[in-house]
Amino acid sequence: MANKKILISGNEAIAEGALAAGCSFYAGYPITPQNEIIAYMASQMPERGGVFVQAESELAAINMVFGASATGARAMTSSSSPGISLKQEGISYLAGAQLPAVIVNIMRAGPGLGNIWPAQSDYFQATRSGGHGDYHCIVLAFASVQEAYDMMQLAFDLADKYRNPVIILGDGLLGQMMEPIVAKRISPIVYRSNKQKKWALTGCKGRKPNIIRSLYMSQDALEKSNFSLQAKYQKIKKSEERYEGWFLDDAKIILVAHGSMARIAKGAVKALRDKGKRIGLIRPITLWPFPAKIFRQLVMENKKLTFLAVEMSFGQMVEDVRLSVNGKVPVKFFGRSGGAVLTAEEIIREVNKLE
Amino acid sequence: MIEKIIIAGSGGQGIMLAGKILAETAMQEGRAVTWLPAYGPEVRGGTSHCMLIISDQEISSPCVDKADTLIIMNGPSVVKFKGRVKNNGLLIINSSLSSANIKSQAKIVKQPFTDMAIALGNIKVANMIALGCYLANKKIVAAKNLSRVIQKIAPEDKKALIKINQEALEKGLKV
Numbered sequence: 002m003a004n005k006k007i008l009i010s011g012n013e014a015i016a017e018g019a020l021a022a023g024c025s026f027y028a029g030y031p032i033t034p035q036n037e038i039i040a041y042m043a044s045q046m047p048e049r050g051g052v053f054v055q056a057e058s059e060l061a062a063i064n065m066v067f068g069a070s071a072t073g074a075r076a077m078t079s080s081s082s083p084g085i086s087l088k089q090e091g092i093s094y095l096a097g098a099q100l101p102a103v104i105v106n107i108m109r110a111g112p113g114l115g116n117i118w119p120a121q122s123d124y125f126q127a128t129r130s131g132g133h134g135d136y137h138c139i140v141l142a143f144a145s146v147q148e149a150y151d152m153m154q155l156a157f158d159l160a161d162k163y164r165n166p167v168i169i170l171g172d173g174l175l176g177q178m179m180e181p182i183v184a185k186r187i188s189p190i191v192y193r194s195n196k197q198k199k200w201a202l203t204g205c206k207g208r209k210p211n212i213i214r215s216l217y218m219s220q221d222a223l224e225k226s227n228f229s230l231q232a233k234y235q236k237i238k239k240s241e242e243r244y245e246g247w248f249l250d251d252a253k254i255i256l257v258a259h260g261s262m263a264r265i266a267k268g269a270v271k272a273l274r275d276k277g278k279r280i281g282l283i284r285p286i287t288l289w290p291f292p293a294k295i296f297r298q299l300v301m302e303n304k305k306l307t308f309l310a311v312e313m314s315f316g317q318m319v320e321d322v323r324l325s326v327n328g329k330v331p332v333k334f335f336g337r338s339g340g341a342v343l344t345a346e347e348i349i350r351e352v353n354k355l356e
Numbered sequence: 107m108i109e110k111i112i113i114a115g116s117g118g119q120g121i122m123l124a125g126k127i128l129a130e131t132a133m134q135e136g137r138a139v140t141w142l143p144a145y146g147p148e149v150r151g152g153t154s155h156c157m158l159i160i161s162d163q164e165i166s167s168p169c170v171d172k173a174d175t176l177i178i179m180n181g182p183s184v185v186k187f188k189g190r191v192k193n194n195g196l197l198i199i200n201s202s203l204s205s206a207n208i209k210s211q212a213k214i215v216k217q218p219f220t221d222m223a224i225a226l227g228n229i230k231v232a233n234m235i236a237l238g239c240y241l242a243n244k245k246i247v248a249a250k251n252l253s254r255v256i257q258k259i260a261p262e263d264k265k266a267l268i269k270i271n272q273e274a275l276e277k278g279l280k281v
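From first to last, the protein sequence lines stand for chains A and B. When we follow our numbering, the leftmost residue of the first sequence carries the number 2, and every step to the right adds one. When we follow our numbering, the leftmost residue of the second sequence carries the number 107, and every step to the right adds one.
Bear in mind the hints are in silico, worked out from the structure with no lab data behind them. Watch out, some of these pointers could steer you wrong.
Unchecked claim - Restraint ranges, calculated between C-beta atoms of paired labels, are given here: (1) B:164 <-> A:341: 19 to 25 Å; (2) A:303 <-> B:136: 38 to 44 Å; (3) A:135 <-> B:251: 54 to 60 Å; (4) B:265 <-> A:43: 22 to 28 Å; (5) A:239 <-> B:136: 40 to 46 Å.
As the structure is a computational prediction, the values presented were derived from the model and not from experiment. In this text, a Cβ means the ideal position worked out from N, Cα and C, and glycines have one as well.
Build out the structure end to end from the sequences listed, making use of the hints.
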């Protein structure tokens, strides 16, 4: 299988990418449109030496991930919007206890049970800490099946590096579609030794016991823990911003879009460039930390820019664009949400309205 | 070059499989390709469809609004999808399961794929006859490569079915 192209869905690529990254524990509960992740894990984990649990609920699954992660395992769960809402308590606990974990959200349209069609309306929930308390998950968004596969390695590495939960944000379109990818050779899971994780609960014979908790009864102790969390978040903000840019050098209008909207926006940019329009695109890859630096830099160089945030929501990521440019240039929004996928033609019409 | 395809029919007709085989073949020929299934309650019956894009260049949206080629395998899908083909496109209809008299600017090809499959000895290979018919009208991929993909992707317990599927493809190429 080495360096050979395979045709695979986004959901399967996520699962295969996780296994290639050494994920040895998966717990989940089914929900459309991400069931292929669970199905793939159910068939592959036992064969490749890992642990698969179909939990009795989303709440159980996220807490199983908490337990597995506490022992040093690379652990993950996946779900879609309503299921991710149910996991928020556990995600807050993971953040509070500084445990690494990967949580995949293949978004569907909401609110409530909504429907199973693609949406990007969980952006706030993912980037603003969906559970209680002052915390952040690192949030990564992929725009192709290849990137879904590659991103799993990054997700587990960042989770371990910062001892922090990482959310992968995709949507039904990206989860369901098949595209060719180049995958590593499929092989048994290479376990990372949990000895490298000095904080893990591995049995304390001959050493001081480790304690993993998010409960700090005294005000001083909790605030001290929160200060260290905040210091960590600042460090992540400083070093982990990621984005992809097209035609930023001479663009007068820059579209901003993540995930599946970014690839569709790219189609619009190509068509408009062919007509001589000076248009570009920024695709944030880290949604938290949001890649604010490139926006600040562009606005400093060119005061006549206009940004147009394009989302399958009624305006969430656009707030991060506005915060990044801080009122210095206009930031417009175009989006719809309810399961409909914006087309390149709709985006082109919206861009043409700007002038 | 960009070819956008919708294949529609009912659950059980191998609509998804036909799309995947075509996508896999295009991939092996070095093209960019996306395949997007209907992932709703269609899985449990009713009309089912998938959308494919085959291109020389990077593909932006995997969604197909108006198709260059629309392949319809049953009556209910004619009602649902008949408007989704471009005026200069190709519309292939399984006349065994649809007697509708369709008016379209597209080139219409009607063939009794299901009856032909029954004559071959397995009703389930109507999808491969339709693919053959498509390739006879538009050489998007080489038929011999598609035939090889049929062989390659068949799981161990389905190896016995390779031959009849390849025969079905051949039959479609000759209609």
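Here is what the structure says about each hint:
no., hint, verdict
1, B:164 <-> A:341: 19 to 25 Å, "holds, 23 Å"
2, A:303 <-> B:136: 38 to 44 Å, "holds, 40 Å"
3, A:135 <-> B:251: 54 to 60 Å, "holds, 57 Å"
4, B:265 <-> A:43: 22 to 28 Å, "holds, 25 Å"
5, A:239 <-> B:136: 40 to 46 Å, "holds, 42 Å"
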